[in-house]
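In order, the protein sequences belong to chains A and B. Numbered according to numbering that gives the first Met the number 0, the first sequence spans residues 0 to 328. Numbered according to numbering that gives the first Met the number 0, the second sequence spans residues 0 to 328.
Be careful, since some hints might not be right.
If chains are identical, the list can't say which one is meant, so a pair holds when it fits in one copy or spans any two.
Calculated lysine to aspartate or glutamate pairs in the EDC-like style (CA-CA distance at most 20 Å, straight line) [what the hints assert, rightly or not]:
#, residue 1, residue 2
1, 296, 326
2, 87, 50
3, 263, 275
4, 212, 243
5, 214, 144
6, 87, 49
These aren't lab readings, by the way, just hints derived from the structure by calculation.
One-letter residues, chain by chain:
Protein chains: 2
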Amino acid sequence: MNKNSKPRIVVIGGGTGSFTALTGLKKYPVNLTAVVTMMDSGGSSGRLRDELGVLPPGDIRQCLVALSHSSTLMRDLFTYRFEDGNLKGHTFGNIFLSTLEKTTGSIEKAISEIGKILKIEGTVAPVTFSKTDLCVELIDGKIIEGETHIDDADGKKKRSRIKKAFLKPKVISNPTAINAITHADLILIGPGDLYTSIIPNLLVGGVTNALKKSKAKKVYALNLMTKYGQTTHYSASDHVQDLEKYIGKNMLDFVLVNNKMPNKKTLEWYEKFAEEPVLNNLEKINTFKIISNNLIKDVILKKNIADQQRRSIIRHDPDKLAKAVIDLL
Amino acid sequence: MNKNSKPRIVVIGGGTGSFTALTGLKKYPVNLTAVVTMMDSGGSSGRLRDELGVLPPGDIRQCLVALSHSSTLMRDLFTYRFEDGNLKGHTFGNIFLSTLEKTTGSIEKAISEIGKILKIEGTVAPVTFSKTDLCVELIDGKIIEGETHIDDADGKKKRSRIKKAFLKPKVISNPTAINAITHADLILIGPGDLYTSIIPNLLVGGVTNALKKSKAKKVYALNLMTKYGQTTHYSASDHVQDLEKYIGKNMLDFVLVNNKMPNKKTLEWYEKFAEEPVLNNLEKINTFKIISNNLIKDVILKKNIADQQRRSIIRHDPDKLAKAVIDLL
Chain A
0 MNKNSKPRIV
10 VIGGGTGSFT
20 ALTGLKKYPV
30 NLTAVVTMMD
40 SGGSSGRLRD
50 ELGVLPPGDI
60 RQCLVALSHS
70 STLMRDLFTY
80 RFEDGNLKGH
90 TFGNIFLSTL
100 EKTTGSIEKA
110 ISEIGKILKI
120 EGTVAPVTFS
130 KTDLCVELID
140 GKIIEGETHI
150 DDADGKKKRS
160 RIKKAFLKPK
170 VISNPTAINA
180 ITHADLILIG
190 PGDLYTSIIP
200 NLLVGGVTNA
210 LKKSKAKKVY
220 ALNLMTKYGQ
230 TTHYSASDHV
240 QDLEKYIGKN
250 MLDFVLVNNK
260 MPNKKTLEWY
270 EKFAEEPVLN
280 NLEKINTFKI
290 ISNNLIKDVI
300 LKKNIADQQR
310 RSIIRHDPDK
320 LAKAVIDLL
Chain B
0 MNKNSKPRIV
10 VIGGGTGSFT
20 ALTGLKKYPV
30 NLTAVVTMMD
40 SGGSSGRLRD
50 ELGVLPPGDI
60 RQCLVALSHS
70 STLMRDLFTY
80 RFEDGNLKGH
90 TFGNIFLSTL
100 EKTTGSIEKA
110 ISEIGKILKI
120 EGTVAPVTFS
130 KTDLCVELID
140 GKIIEGETHI
150 DDADGKKKRS
160 RIKKAFLKPK
170 VISNPTAINA
180 ITHADLILIG
190 PGDLYTSIIP
200 NLLVGGVTNA
210 LKKSKAKKVY
220 ALNLMTKYGQ
230 TTHYSASDHV
240 QDLEKYIGKN
250 MLDFVLVNNK
260 MPNKKTLEWY
270 EKFAEEPVLN
280 NLEKINTFKI
290 ISNNLIKDVI
300 LKKNIADQQR
310 RSIIRHDPDK
320 LAKAVIDLL
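If we strip away everything but chain A, and leave its shape as in the complex, we get (with noise of 0.2 Å):
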């Protein structure tokens, strides 16, 4: 690390992870990139791109919006999900994002563009500029294409495990994510859903060689909760070794595992979708080191948040987790 400079942070990833991180990290004298999954097929961004033809946006607005340093009113503008009529389901942020797209003719001059207006210090770099589909095949032999098909597991249907995720067609990387891997100081891979928000991003041609290239310090954060459908039952244990397949055996400094139970009552909502915590059953043999703290965030569920779409009630806290990750740089 250069003394004379600030401590260069890159968090891989995408949703509801990296926005919680990025709000984290924010706070310290750091610097920022967070890179951003772009293959997301379903909601608000999938209709964007199916529609428009644009790329989805709405991980890019999520990082967008956690690096912010403009009023509660920029950034509630940009989060601002519509609940009636032809809008019902999208977010500004995307239509702004996927416009802008549209009429600069490049995502990353939107990107551009809304920093300046969202006061964005940090960068937001997207994994790809290229279109491409998630895939994944189960051990069964199924395969399924598209994120949202993936994500979609309502917890009813059993579906067996995953054997092997990969892009269709495949794509190169964005140089802007690939430098920022390269010259960091720590890599944050999540917290996000496993193959939904973080393996997406190492799919991508050029980036796990970045990894491996790095001199970085690699932290993995761990997921609060299971998520039916793409890691159902999954130990800690488990998450580390899919992603081990992807970046490779040790790659991983540390592995941040939180260790604090949700209520009871938080407890029986997941169980509805067959979805329970993490359980740390890392041993203290692997290669890396076991960083275990209470992560989780004490406030449950947003009213303007609970609208159709199912969502996670517990959350890492962006404070302890940055401070976990702070102490480890």
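Could you slot chain B onto chain A? The hints should help.
Just chain B now, kept in the frame of chain A:
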């Protein structure tokens, strides 16, 4: 007029007419206020009004873009019209205004925030902050409710002349609009559709009174073409006569009329919709001065506005119109 300050010009209207006037006038060292109709009930504005419960944003958006000193990119973004999917027909700027109105709870705040992003110079003052509908009573006694229904005459159905316009319910005016009118040096009424862009402003409680009190020079910029369903076969004097029903006799100081005929091809296009140039039959014995100039723009129909909606293909030239107005100061 206060010699130490810039001349204060108020443009009363909405839609493309106000856009054109403001685009030309902003090049002069004047203090501009756009008093804008809030009675649009069709198209993108109408849908947002119905679905989100907001005030119609379209006329405000056009004035904001006209007064913008920001990059072409931002102005392009605001006027971007979606062509596919559920967003089809909406302009981005309309969605932006409506979302901000929802998140801030106030169209005033929304205008102020967007004004900053678009770097506007001048003021956009909605004529009212209350929800109301424009209605007209025809000579045959028929009542038409809603701006869009007045506007949607298709040139095939015969419709009798408009007897009077009124608002349902009656609403009070925005004090900012009244203040601007009262203290203006010059008030430009129009150009714009007489019944759907100009008169709605005059029906709002307090506006005609402020016009009477104001020592400003009052200028009426006549439309170039008649509009089927509201000013079918109207001559210049028909326009003035109808306008004077609302502002009162002897109120106008100047009437601006175009004296350059559009080319034959353009006229043929309009003939299909039973629309024709506004004939200048104004007599010099009137209480106002007639300014007859070439005011039209040679550039015709832009491809990117040739969407589903029917639009005029001749326009006032912003520079010629502005010069004619500035000469009257």
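Cross-check of the supplied hints:
1. 296 to 326: Only inside one copy: residue 296 and residue 326 sit 19 Å apart there, 66 Å across copies, limit 20 Å.
2. 87 to 50: Close inside one copy (15 Å) and across copies (9 Å); limit 20 Å.
3. 263 to 275: Cα proximity of residue 263 and residue 275: one copy only (11 Å, versus 75 Å across).
4. 212 to 243: within (16 Å within a copy, 79 Å between copies)
5. 214 to 144: Intra 34 Å, inter 70 Å, cutoff 20 Å: neither.
6. 87 to 49: This pair counts as both: shortest intra-copy Cα distance 16 Å, inter-copy 13 Å.
In summary, the structure is inconsistent with hint 5 from the numbered list given earlier, while agreeing with all the others.
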